[in-house]
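*Asks:* Residues per chain, in single letters:
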Amino acid sequence: MSLMDILLILVPSTLLWATPLIFTALGGNFSERSGVVNIGLEGLMVIGAFAAIVFNLTFVDALGASTPWVSLLVAMAVGALLSVLHAVASISFRADQVVSGVAINLLAIGAALFLVKLIYGKGQTDIIQRGFSKVDIPILGDIPVIGPIFFQNTYYTSYLAILVAILAWFVMYKTPFGLRLRSVGEHPMAADTMGINVIKMRYIGVIISGGLAGIGGGVYAQAISSDFGHATISGQGFMALAALIFGKWHPLGAMGAAIFFGFAQSLSIIGNSLPFLENIPSVYLAIAPYVLTILALTGFIGRAEAPKALSQPYIKGSR
Amino acid sequence: MSSRFTNILIPVIAVFLGVLAGTIIMLVSGYNPIAGYSALWNGAFGDIYYIGEVVRQFTPYILAGLAVAFAFRTGLFNIGVEGQLIVGWLAAVWVGVSFEELPKIIHLPLAVLAAAAAGALWGFIPGFLKAKFRVHEVIVTIMLNYVALHVTNSIIRNVITDGKERTPNVAESASLRSPFFESITDYSRLHWGILIALACAIIMWFLLEKTTRGFELRAVGYNQHASHYAGMNVNTNIILSMVISGAFAGLAGAMEALGTFGFASIKGGFTGVGFDGIAVALLGGNTAIGVVLAALLFGGLKIGALNMPLESGVPNELVDIIIALIIFFVASSYIIRWFIERISKKGVK
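Chains G and L, in that order, are what the protein sequence lines are.
Quick note: the first sequence uses our numbering, first residue 1002, plus one each step.
Quick note: the second sequence uses our numbering, first residue 6, plus one each step.
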């Protein structure tokens, strides 16, 4: 097996697994930069995956080829809607943000399975007929060497995710909105003094996170699992959270970490077919993202500093 | 209104609101809420067998709840109960299947202690990292949950067995199964573990409320800087709290390992007991007695839920939704407190 053959398998598979992580990690980035912890990313992905699959199954005849894309928008809307609950509890009602996130996770999986049973009368949906399918991207795919590795046999959603990451970086670091969002997460009182509406900014941050995590779930469901059941999303949300931290709360860093974790995930699945990896037990690859995150937090791989006001509710007038 | 009364009132209101929300969900989805809740009640307390099963579920819930609550009292949020439970489960089974000839009086305590030690070790890691490097325990414990899941699966498949999906059953001498409890509850899976769980609740109460060390642990939870100034070793207390919390969680794993199941198998996902433990601890106000009461409620809800699809056609996930909403309401107690104060002020006028 030549290096070229290995790359032809590995790169598309990495991008496939990384895509949902990128979207979700970017979502977490918006929320946490505004100072609200979002442990609920997992649940938001669950509800996104659920919404995408149900919409896809219901409207596939009417919408034809555009079904997965429209379903993705629906997943975004539903994810954003559920995140409002997290926002209300943790911003307005001053609930412990971690607890509220845990509740989001429990609620999402409970509600999604309840509705699946209500709608379909069984614990798992049918398999969708039209998911995201592999494509060769025109023009770019014709470039010699690079084309076949990066732009053939791949998914449009992967490149959308990378574009969204660049966009998120631009919004967060190059626009007044981004500066406000970050200031609210670092020092809400100072931001308030400067006339920024802390509560509003935090609501926006959390709702964007819900929308992006919903997209993440929708992509996962329509590109990887193709149906929805109790184990469709199993830890991807937490892995996205890990990517966010490993990427030091920076959109491009989060994207890089998500791609790396996608690489580790795809290695643990297809590693057996690669010559130099068949002797490494897959468990090492499976736990790599989590161990690396802990090491990153500990400072062994460049220290990751959280936004200063993370997890603290903002109470006007208190010091 | 006294704060003590409010503290009791808030969980009661939260449960009431959760049940109310469940009623509305059933009505909106076209189910009969009375049929749904009576199926829930019958499934939990309608038969001596079900009562046995409720108490069986009650057992790990107490321990998982104690684990979360104990860490909480020291100002730490242990989301890693799930992972500590899984490693405890594995350790108990490992000891349980490894020794054949030991008498029960040695083998059973050894297996139980192995679970506690494994959980304690898994809790030590985030405690140590928090104390030494100021790493937030929430992230570390979440990450360790997944590490625990993958590592235990790998050990079950490659070390204890030869590529199999589940381990053999633990030896009779390490089993918590109780023929006596089984016979009085119409052959439910109720086992001796309930006594261990209740004993742990008493231990936690005694440790936190009646010993110097417990006072230090609570003091660190209230104010780290003041405790440090008063000469307490904050780092030691943080590590100790996570270790004890992990030990409780490991014991919860032992309950499943030696009592309910008697083996360990490859897991596709988490058991959920650790996360439900967060709900139990919150609802119980992080006190030993509160945890026991809340665990009973959640044990009843979880077991009763299994009867809901059979008797009334309502999907049992309704109970998961209710539990999640109860957590929301307890967590949002600020707003409930605000309402209570508004209402009681009106009463005075």
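These are calculated hints, taken from the structure and not from any lab test.
Misleading hints may appear alongside valid ones.
[What the hints assert, rightly or not] When the alpha-carbon atoms are kept at most 20 Å apart in a straight line, the in silico DMTMM-like pairs for lysine to aspartate or glutamate are as follows:
1) LYS137/L to GLU1306/G
2) LYS1309/G to ASP1193/G
3) LYS1135/G to GLU1306/G
4) LYS1123/G to GLU170/L
5) LYS272/L to GLU170/L
6) LYS1118/G to GLU316/L
[Claimed, not checked] Looking from chain G toward chain L, a few residues come up when the C-beta cut is under 10 Å (computed):
7) VAL1103
8) ALA1109
9) GLY1111
10) ALA1112
11) LEU1114
12) ILE1147
13) GLY1148
14) ILE1246
15) PRO1290
16) LEU1298
17) TYR1315
18) GLY1318
Please read these numbers as outputs of a predicted model, since none were measured by experiment.
Glycine is no exception: its CB is placed at the ideal position from the N, C-alpha and C atoms.
*Asks:* Any of the earlier hints contradicted here, and which numbers?
*Replies:* Structure breaks hints 3, 4, 12, 13, 17 and 18.
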